[in-house]
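Enquirer: Below are the chains, spelled out letter by letter.
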Amino acid sequence: EAQVTQNPRYLITVTGKKLTVTCSQNMNHEYMSWYRQDPGLGLRQIYYSMNVEVTDKGDVPEGYKVSRKEKRNFPLILESPSPNQTSLYFCASHRGGGVRNQPQHFGDGTRLSIL
Amino acid sequence: ILNVEQSPQSLHVQEGDSTNFTCSFPSSNFYALHWYRWETAKSPEALFVMTLNGDEKKKGRISATLNTKEGYSYLYIKGSQPEDSATYLCAFYLFSGNTGKLIFGQGTTLQVKP
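Taken in sequence, the protein lines are chains L and D. FYI, the numbering used here numbers position 14 of the first sequence as 14, with every residue one higher than the one before it. FYI, the numbering used here numbers position 25 of the second sequence as 1025, with every residue one higher than the one before it.
I should point out that these hints are in silico values taken from the structure, not numbers from a laboratory. Errors might be hidden in some of the hints.
Here are the computed lysine-lysine pairs in the DSS-like style, where the Cα-Cα straight-line distance is at most 27 Å [said to hold, decoys possible]: (1) D:Lys1059 / L:Lys71; (2) L:Lys57 / D:Lys1101; (3) L:Lys69 / L:Lys18; (4) L:Lys65 / D:Lys1042.
Which bits of chain D does chain L cover? Going by a derived footprint, with three or more residues having C-beta under 8 Å, they are [as the list claims (entries may be wrong)]: (5) 1036-1046; (6) 1093-1100; (7) 1103-1114.
Note that this is a predicted model, so its numbers are computed, not measured. The beta-carbon is built from N, C-alpha and C at its ideal position, and this holds for glycine as well.
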């Protein structure tokens, strides 16, 4: 089954404790993104990657890091999480050639609470 | 600042009612508009990707229209069912420099009462 898998689904942690949210897709997609969803706001892109070893900042990259060492995996790293990073996070992927006319495939989301 | 606005923010209808909501976006430099359906505790799923002015797309009881000249898209649900309860997201494709990205609206949350 074609899917985007995120882990963990839920996490409560404390300020400053490094954490990684994993994302893996089995569709051989070149393009992957991370978004955060906050109440009253649309999904906002954090980082994206157009292929292995190619990553770039989205609209809200501060406080996050990513890496793309393999095509299928795109982990999101919070080196020193802070309470304002409490949010619902989605990983998404789509085939290369641009997101213009290709729908994104989303993971189930990761709800992070930073105390 | 590029705005993608969805209205209404939320909607409560009775089973069997037909409903529609709006996505407004910039009318210049249009490339594509996406619609997604997002059920609570699940992942957003693509409904439609629309690229041409006048496009009409249909999937079962759900359909969408696109007017790029005036910058809006309508999503229609005919004979709403409780399983249609979800948040419906639209996203405008913004091309900038040599790459593009999706700018999402806040969503319209639909509750269908049995």
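Enquirer: Take the hints in turn and mark each one as holding or not.
Expert: The hints, checked one at a time:
For the hint pairing Lys1059 of chain D with Lys71 of chain L, the CA-to-CA distance comes to about 32 Å; that exceeds 27 Å, so the pair is violated. For the hint pairing Lys57 of chain L with Lys1101 of chain D, the CA-to-CA distance comes to about 11 Å; that is within 27 Å, so the pair holds. Between Lys69 of chain L and Lys18 of chain L, the direct Cα distance comes to roughly 20 Å. Compliance with the 27 Å bound is thereby established for this hinted pair. Our distance criterion of 27 Å between C-alpha atoms is met by Lys65 of chain L and Lys1042 of chain D, whose separation comes to about 25 Å.
Check result for the stretch 1036-1046 of chain D against chain L: holds, 7 residues qualifying (beta carbon to beta carbon below 8 Å, three or more required). Counting residues of the stretch 1093-1100 of chain D whose C-beta lies closer than 8 Å to any C-beta of chain L gives 4; at least three are required, and the coverage claim holds. Residues of the stretch 1103-1114 of chain D lying with their CB closer than 8 Å to a CB of chain L number 5, which satisfies the three-residue condition for coverage.
Hint violations for this structure: number 1 only, all remaining hints satisfied.
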